[in-house]
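Visitor: Okay, here's what each chain looks like letter by letter:
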Amino acid sequence: MAIAVTDLPLDLVRRGKVRDVYSVDGARLLLVATDRVSAFDVVMDEAIPYKGAVLTQMTAWWLAQLEGQVSHHLISADIDEIVREVPALAPQRAELAGRASLCRRATVFPIECVIRGYLSGSAWKEYRAGGTLAGEPLPSGLVESARLDPPVFSPATKAESGHDENITIEHVREVVGAETAAELERLSLLVYERGRDIAARRGIIIADTKFEFGYDDTGIRLIDEILTPDSSRFWPADEYRPGRPQPSFDKQPLRDWLDAERQAGRWNGEAPGPPLPPAIVAATSHRYLDAFARITGESLDTTGLA
Amino acid sequence: MAIVALVASLAAACGDDARGELTGGGFAAREAGAQAPAPNSPRRTVITDAVGKIAPAVVTVQTEVVERVPIDPFERFFGGRTGERSAAGIGSGFITRSDGVIVTNAHVVAGATRVSVALRDGQTFSARVLGFDEVNDLAVLKIDARGLPTARLGTSDDLLVGEWAIALGNPYGFLLGNSEPSVTTGVVSGVGRNLVGQGQGAGVYVDMIQTDASINPGNSGGPLVNAQGEVIGVNSSIYSPSGGSIGLGFAIPINRAKRVTEDLLEHGAVRRPWVGIKPQFPAAGDAGRAALRSGVVVHTVVPGSPAATAGIRAGDVLVKSRSRVLRNPYDWDAELLELRAGERLTVVVRRDGRELAVPITVADLPEVSAPKVQVMRELELLTLTPAIRTERGVRSARGAVVFKVSDRVAEELGLQPGDVIVQINRTPVEDAATVEKLISAQGQRGALRLFFERGGQVYSSDFIIR
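First to last, the protein sequences are chains X and A.
Numbering-wise (the numbering used here), the first sequence opens with residue 1 and increments by one.
Numbering-wise (the numbering used here), the second sequence opens with residue 1 and increments by one.
Incorrect hints may appear among the rest.
[What the hints assert, rightly or not] Simulated restraints on C-beta separations:
| no. | chain 1 | residue 1 | chain 2 | residue 2 | range |
| --- | --- | --- | --- | --- | --- |
| 1 | A | Val-325 | X | Ala-279 | 48 to 56 Å |
| 2 | X | Arg-262 | A | Ser-294 | 42 to 50 Å |
| 3 | A | Lys-258 | X | Phe-40 | 25 to 33 Å |
| 4 | X | Glu-165 | A | Ala-269 | 35 to 43 Å |
| 5 | X | Pro-87 | A | Ser-294 | 27 to 35 Å |
| 6 | A | Asp-157 | X | Asp-259 | 55 to 63 Å |
[Claimed, not checked] These stretches of chain X come out as covered by chain A in the derived footprint (C-beta under 8 Å, 3 or more residues):
| no. | segment |
| --- | --- |
| 7 | 129–140 |
| 8 | 293–301 |
Because the hints were derived from the structure by calculation, they are not lab data.
The model shown is predicted, which means the values in this text are computed figures rather than measured ones.
Note that beta-carbon positions come from the ideal geometry of N, C-alpha and C, so glycine has one too.
Excised from the complex, chain A in its bound form (with noise of 0.2 Å):
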């Protein structure tokens, strides 16, 4: 049996300093053993058996940011501190398989220098982050051990409005100073949520699990799950204005948080799926809440996209995709988040009064199969294609797309990704190329100019290489 197996290891690795619940059985003697109470107790619920199957599976994620800040005569003064500045940070996580893969939120590990796991047992493990995806929310993260019981994955697609909701994780133990998992319970208050987070890592988050458990950022990244202890949600502490909970939380789908892990594991990176469909939002007012059932409608169709191959045109109104009803513009976001790359869709469009059955393959996204230019070692740029300036609404006709940029290069030009660098001095930038020979050509008899355009507006920023 696997749990006897990790419980043999486990006391094995921690020697005779075992803690003493370990031995003799340990999760399973903890569950079944002398004290607790017997099986048929009517203090055991359905709740309880739930949390047993799981709770073993659940862990504590720490982080520690170091922040390096400038040295300078204040910062000796005051502090003599040289250069780092740490911040701690604790969140939740629970393991997929047994050979250590843990999931969380991303932003409990975002910027993160240094990151350990804690499992139930006090074991703590420093974590590799194998990848994370802001988007979603979620990270993956793997520690090396073998044989760790893992949490039963359920599925999304299903939930129950009012069926039991129950949220695990470790809020606050750091200051507790255990890593038990804490239990919050409440229902599916509602499925399909939209909304705009509030928290860290704030953005549009769509289509979560509504739930009244209580969700705060101490059982963020935790598992959330129904009354047969499977993981129905990844707990998301983003709605947590004031910190603690105010009993509305909110989960992203397990069926995503598969997706998401899946794609991390085999690539390293989240695909981005690409249809290049740019939905019309509806104006404001009654006539805007009536839009707002009635379909998608198609404003843009990016040249060159998988929406525009299968002929997809502006106009079209999107009522369904695959098993999906498009009420609005926010289900086809939804809907976008569960495509995966490569998959084959069907999508239902109202055209002329007529329905049309319309197949389209789902692409990677350009950005993030494009060719990247690398420059001056801090700076990743690709070159504007028209796809791209479809898909992220730039005006400038050529450039070259920023997209990565260390801190000090961020910091010095203020350039972030996303930005089109469209002149340096007065050559304008026809591609990612341009700019690396502008800048070697040019830096060296003096100041640049960079001119880009963010947002709709054109920046420039100046700056001298040395």
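So here's chain X without its partners, still in its complex pose (with noise of 0.2 Å):
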């Protein structure tokens, strides 16, 4: 089953498009990505089965592999030990299991730390534009999803509705002073790089990631979702040609019904969204799990999982 929203006996801090975050105590927090999902940034009615799970259990999985690289705010994805630590939570296992983080709070930077290793989006149009991307110049005579060597750091800020605005790195260094914009650019690309790595040696090119930090008395902390389908541009290897958009990993069958159906005169493209045929969920569904099989090497846990 697949779950849209939860409801949890724990204070409600906030409902993003796709997670619901919730106050665990003063030190942690517990962070559920829900099933729902989102295109052309409208929130759909139905939700696609194992795609919280993918979400966390993928985050939780990078983070792994960058253990003693970089610090972060993941104490567990474990139901098991998440129950543990917050008994009131074990009524809603089944609900949670796969969904559910349990967090430290830090306070969050208010930037979104954009890794772009491919030229696409606002960069494409930025680059077109003016020939810089995050007001840096670019090589002359790129392409339109050109691989980007090395990969830009391109910060944007944390808009709370409607789209992130593209900033430049002075502006960065401006709100939180320039020995951490530096190590936020640092930490952003290697965590990048080793991603991108990761992922292209299984047929899924990351063309691009967003990062939130935050900070406690330790120091900084790589906070959020972490290098997923939901953070992250995927792009299909091996579809993948040069001097043309890309068609999405994980969200292409989607995006290509919801432009027939507008096309088609039955959805104005805004919220509500149309409602989505079995099809079109179970194939949306399909990527998410095979994005996470491919990264991973192993299948999705569903154990337990409602």
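Two chains, each in its own frame: build the complex with the hints.
Guide: The following block contains the structure:
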């Protein structure tokens, strides 16, 4: 069963497009990745089976690969441990299994640390307009979806609603200080490059991704989801053709279907989205599971998952 | 309105000779005309309404099987027949597209040299067989016509046991000398029935709709409809040991029929979905019966198959595929019939006490996609690959699989599709191309001895090329 909304016996801190965040105590948060899905900035009514568990477990897997190289906020994404730590959650166990992660609280930097390894989306727009990315010049003659070597740190503001806005690195320095700005860039590049290499060997191009960082008294911590299909652009490597937009590894069936609905005049492109046919839901679910299986080399463990 | 247009065109086609009932509104008039009971007549029921909706789309399928028989002195002496013997067959079908696409049973048209379709008004068209699928006992025919009334296809996914089931067809229409559909009724007695066929084209039939509406050879291929006149199944007379009805009828679920029809229309053949999992069939006895309710144990995973790529292992227990709960190997067989090549499905497996969601991308069966080698124009072979070998349980490591074989070669050499040619004279067969070389090189010098594997045994056959 897919879960669209959670209702836990904890204080709700925030409901995002996809994630529900609860307060456990002064030091810890519970993040629950639901099975909600958004496309063209609209959250659909139908939930995608296994999607939440894929996001949470993929994040946990990446963090395990990065252990010792970057500190992060994850305490556990294992439901047994979470219920041991927060016994009040025992009745919701099936709903939370796989999807929930217990995390340390941190003060969040108001910056989206975007890393671009390929020229796409708003970065392609900026480059085409003025030959720059994040305000810095790039070599001329690049085509859409071209690979960027080295990858480029391209920060954005955290918008409460709507699109994040691209900002310059100079602006980041003003907000967080030069030293922290440099550290955020270093950590972002390190994690992205590691991820890009691993994914590339398994047929997935991580074109770009977005990290968030926070800090506590021990220093800077990587927070939120890491290198997931939702925080990144995943492209199928075998269909990569520079010079055009690339299909999305995970959301293409959904986007194509929605596009067709829009062109047929059955959807105006705004919320609420049209009801998704079961075949589209199943295809999208399959893509998320496939991304997980390819990247981690293991099938998603769904034991006890509702 | 489509029906009126059809009537006009039929009337035009038939000229003044059109039957009286066709004039002045045709089908519509027949349902609502002067002689029919008023719409509020107590004789009208949900059944008559459903029949009224579907009946125009039900057709009679007539076949002629011409068998070539050897011309020999005895034959000449007895009947004077010169090489042909023909037999007529009959079945039912229904129109799914207004330009003349018709669904029927494969066994109705199997081996037929001529197929014709009679519409409800008696007009007869010669039909082409666009394709047939013996595994599912379904065939798709095409007649050259336009504006035909079509059957409304429902879904077989949400059938209610106990809901009305109405079987239409033309049983014995030939004998009765008319092509009006006949109707039998009952209820949906069960769904997901697995059975071993005893009629024509026998095989294991899985996931059938069971009904107590009479289904017999004549309405085989016709529609089984619900109370709304929507097709929920294709009647199949496979379980009809006496040739008549025994209150136990079966129909192929319409969702499967839709899929097969689409494949036949798009590709001319049914794409055989391939996952590459060989389930373990539980042993007889109590333990076996218990095992029949607890999932599908994977006995073998075919190397290089989609299941292997997805990481399925022998010993895994499949518990769910898409939304189908898998209790036993028959459930898995039923699932396979609904899958399509290229489809992405998610299978939940139990392994070491954990449950895993495994995404699998269904491929085409390798035999279907493998390159074929044509030998002597009458024998089509493909090279035995590890995948085909595991899939078919072939013992030999190398050889050439017989894919198609002409009647003549089948008769003279005793070869059948599926046989694996492993040796010719003293030379082992490495692949399909070897067979061609060996036959053309050694065939000139005299007799050939062909060794082939069938059902785990090796047989031989001697022949001479003339």
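Visitor: Evaluate each hint against the coordinates.
Guide: Against the structure, the hints:
1. A:Val-325 <-> X:Ala-279: 48 to 56 Å: At 19 Å between Cβs, range violated.
2. X:Arg-262 <-> A:Ser-294: 42 to 50 Å: 46 Å, holds
3. A:Lys-258 <-> X:Phe-40: 25 to 33 Å: Distance hint for Lys-258 of chain A, Phe-40 of chain X holds at roughly 31 Å.
4. X:Glu-165 <-> A:Ala-269: 35 to 43 Å: 54 Å, violated
5. X:Pro-87 <-> A:Ser-294: 27 to 35 Å: 32 Å, holds
6. A:Asp-157 <-> X:Asp-259: 55 to 63 Å: Since Asp-157 of chain A and Asp-259 of chain X have Cβ atoms about 27 Å apart, the given range 55 to 63 Å is violated.
7. 129–140: Since three or more residues must qualify, the claim that chain A covers the segment 129–140 of chain X is violated, with 0 doing so at under 8 Å.
8. 293–301: It holds: at least three residues are needed, and the segment 293–301 of chain X offers 5 whose Cβ sits within less than 8 Å of chain A.
The structure fails hints 1, 4, 6 and 7 (numbered hints given earlier, in ascending order).
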